[in-house]
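*Asks:* Sequence:
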Amino acid sequence: LHLKKMSSNQEQTELAALGRPFCLGMLYDIRREKLITGLTLWDSQKLKQNIVQKKQAFSDFDVITEDNLQTKTRVLGVDGSLKLGIITGLINLSGSAKFAKNRQETNHQTRLTLKYSLTTHFEQLAMDHLGKDNLDHSQILDGNVATHVVTGILYGADAYFVFDHSSSSEENKRDIGGAISSSSPQKKQEIKGTSTTSSENKNQETDGTILTPSEDKKQDTEAKLSISSIDKKKETVGEILEAVLKRVGGCGFGGEAKINLNDTEKKCIDKLNCKFHGDFRLDQNPSTFKEAIELYQKLPS
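Just so you know, we're using full-length UniProt numbering here: the sequence shown kicks off at 1 and counts up by one.
Fair warning: there could be bad hints in the mix.
What the hints assert, rightly or not - No farther apart than 30 Å at their CA atoms in a straight line, the calculated lysine-lysine pairs in the DSSO-like style are these:
#1 Lys5 with Lys98
#2 Lys34 with Lys55
#3 Lys46 with Lys83
#4 Lys46 with Lys98
#5 Lys46 with Lys34
#6 Lys98 with Lys132
#7 Lys55 with Lys132
#8 Lys48 with Lys101
#9 Lys34 with Lys83
#10 Lys98 with Lys83
#11 Lys132 with Lys46
#12 Lys258 with Lys271
#13 Lys46 with Lys5
#14 Lys5 with Lys83
Simulated from the structure, these hints should not be mistaken for lab results.
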């Protein structure tokens, strides 16, 4: 979100939407982190005539290995008073932003999160025709009900697949044998890569727009990952799951990618539970690794 301060200096602020229903021209009180509904500085017809749209298609994935509030707010693009609003419950989170409230239930869990992000387009108000001298309802400024007006929105969606691996206290203390190595250097590059369509502004936030996973996109070829060898290095459950999720993230979207797992990985995957937080309309949320991967591969890119 782009917000302009309702004062003579026209200071601009960027803000994460966190699933809240922002619209161009809407008023916002940054002192209370609150949307002001039912009031606007311009008539709706004038707003519609002064909207500029720009395509901004981008998609990316990330594997999050830490589970604490500081990491979650960083991933959500939140800081300052907005972060305090999440901690105190002042902000009502929805969609993918509910990821911030998902906490581990026990110390006997290993948690990793696969994040998917996409943006589609950016809309902003043409302020040359909507400046302070062209207000339709200037009396609102005298009421001190808001501090900013929404002048730009980057549309898109996020999805968080939170995987929990439960084990006994003794299992948590032990390493699991079997490091994963890829069958070719090319696949190793895919593991570290992103699934980008085009990028103009990677760091902007999405607005929690509801999107529906695409069912009909298919690739001509199947992306196949295989395991060629298991070395002698010992790995923890977290390290094994991180490697698997990075391979999943690098497989792309809309296809029938197959993830081949060795016995050690299968043992870890069998104990996984999945919790989904996203801005996509689903008939049913995934609860297992298999269901999560099937959904991930159907997400629009």
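*Asks:* Of the numbered hints stated earlier in the document, which are not met by this structure?
*Replies:* Structure breaks hints 3, 4, 6, 8.
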